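**Student:** Kindly generate the complete structure, drawing on both the sequences and the hints.
The listed protein sequences correspond, in order, to chains D and A. Residue numbers for the first sequence follow the working numbering, so the first one is 1 and each next one is one higher. Residue numbers for the second sequence follow the working numbering, so the first one is 1 and each next one is one higher.
Each hint can be trusted.
Here's a subset of chain D near chain A, in silico, CB distances under 7 Å, partners left out:
#1 Glu10
#2 Ala14
#3 Ser48
#4 Glu52
#5 Thr53
#6 Pro58
#7 Ala59
#8 Pro60
#9 Pro62
#10 Val63
#11 Ala68
#12 Trp69
For lysine to aspartate or glutamate, the following EDC-like pairs were computed, each having C-alpha atoms within a straight-line distance of at most 16 Å:
#13 A:Lys53 <-> D:Asp77
#14 A:Lys168 <-> D:Glu10
#15 A:Lys157 <-> D:Asp9
#16 D:Lys75 <-> A:Glu45
#17 A:Lys119 <-> D:Glu52
#18 D:Lys329 <-> D:Asp307
Hints were generated in silico from the structure; no laboratory data involved. Being a predicted model, the structure only gives us computed values, none of them experimental. Just so it is clear, CB atoms sit at the ideal spot from N, CA and C, and this is done for glycine as well.
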Amino acid sequence: MKDKKQDIDEKQLARFLIGECTTEEISAINTWIKASESNQHLLDQVESIWLETGKLKPAPVPVDTKQAWQKMSTKIDGETAKEQTKVIPFKRIITSIAAAIILAIGVFQLFNDRFKSITPIELASNDQLINKELPDGSNIALNLNTTISYPKRFGKEQRSVKLEGEAFFEIESNPDKPFIIQTQQGYIQVLGTSFNVNAHPDKDLTVDVATGIVKVFTISTNKDTIAVTVKAGNRALIKYGNLTPEFIDEGDSDAYFWNNKSLVFKETKLKTVLEVLERRYKVQIELSNPNVGSCKYTGQFSNADIDSILSLIATTFNFSLDDSSTTYKLIGNGCFQN
Amino acid sequence: MEATTQNNSFKITSKQVFEDLFNEHYSNLCAYANQFLKELEASEEVVQEVLFKLWTNRETTEITTSIKSYLFRAVRNSCLNVIKHINIREEYKEHRDREIHLEEQNLEEQILVSELEQKIREAIDQLPQERKKIFIMSRYDGLKYREIAEKLNISVKTVENQMGSALKYLRTELADYMPWLLLFFSQLFKDY
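**Tutor:** Structure, rendered in structure tokens:
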């Protein structure tokens with residue numbers, strides 16, 4: 001005969017206590033109880049737990065605390081990021097605008113002389129990304145197949161480098177010493193800003209500004225300069241063979257994604273934001289309400305994974321994010337931001 | 001059984017401190033809010049708002065009563081606000097007013113809960129999500145296994161297994177309190 005003792009465990013006792021057992025099962029359990037003290041003991045334990053849990057007021061609710069914390073944690077990180085991304089101090093903007101008005105002629109002469117007298121260090125990236133700190137504490141990240149030349153020590157009047165290829169610059173602020181980048185197509189002058197320069201030889205030159213103000217200029221044969229001034233989110237373009245820099249109001253949000261997965265959104269339509277994310281992260285994202293595609297989103301990301309980004313966007317607009325299938329879905333209706 | 005300890009002058013100094021606070025009180029606060037709002041999603045939202053506000057004001061907020069007391073009161077006030085703004089039929093409103101009165105009386109009870117009760121709540125909250133849902137539906141909503149299986153689109157066998165696992169887990173977690181539990185238990189049958 002089969003030993004029924006093994007069948008009586010918490011699972012069976014639960015059914016017993018709730019009243020889901022058949023008459024046969026009940027008598028089997030009664031036999032089991034009488035069989036030994038330890039069986040009676042087990043029943044007592046399970047029954048007392050059953051009773052005590054029933055006393056809880058208010059009754060527990062099936063919330064997922066871990067998930068709720070994830071949501072809160074992301075929201076907090078978003079707040080902290082907002083607190084840290086302060087507006088550029090007004091004084092710095094004034095200073096950089098003032099400095100940008102400097103005529104290029106004088107600068108050009110100076111530039112030429114200084115560059116000739118110092119033996120530059122050459123740094124080439126080839127097939128790997130390189131990060132380098134310059135003598136003044138500025139930082140550059142070189143994309144593939146890029147060469148940069150810079151002196152061991154920067155001159156007294158300015159800081160000059162030569163660039164062939166693509167690099168992301170984070171320049172230390174120094175109002176007394178403008179930072180100037182020479183490329184095949186033109187010059188870029190800054191004070192303390194961060195921006196991406198794409199200047200491969202024989203190609204268009206583009207400058208995308210992340211923070212601060214940058215002046216991009218060319219010098220014609222009669223020493224006239226033509227310049228455009230660009231700010232965060234803008235782009236300057238010098239078409240190859242052209243001597244005139246162009247101002248483009250909306251630079252690409254992912255212009256320097258190659259550098260730490262940088263993304264910059266400035267009043268960007270959510271529709272565009274999602275297009276960029278789909279392209280860069282190779283995912284599919286849907287909006288439950290296509291109208292919210294025209295909501296404007298401002299935010300920056302660096303080294304973020306797609307889940308964190310979408311979580312943050314969802315939290316910002318009070319949307320919910322459905323990541324259960326192969327397509328991400330943002331569910332929500334309004335542009336109201338937290 | 002000791003009541004949960006009171007904190008004197010508490011400030012949230014880091015994300016970790018906040019996380020610990022969150023994990024300790026989240027599900028209890030939701031259960032409490034749910035008594036007012038009778039809707040789980042809304043309850044979670046209210047609790048999250050209260051906690052988030054506590055975080056954003058952490059520099060300027062110093063709590064001199066117990067954290068628990070502070071949080072429960074904040075959640076209660078938010079719930080009352082929510083209820084005020086809900087468009088309800090008159091009769092339903094009356095019913096609500098009566099319940100709110102009761103719930104206010106319960107507030108003190110909520111805060112001074114026994115160590116055993118807290119341990120039981122924690123153990124239930126630690127169950128994996130589906131198991132937790134099933135246990136709550138059975139124990140507190142009074143649903144039969146078949147009804148639970150239908151609602152969640154799973155088999156009755158799964159419900160049985162999950163209930164067994166839930167009780168097994170609770171038995172393990174509450175092992176230290178078993179002498180007390182059995183003492184209360186035996187008191188029940190004293191008069192028989």
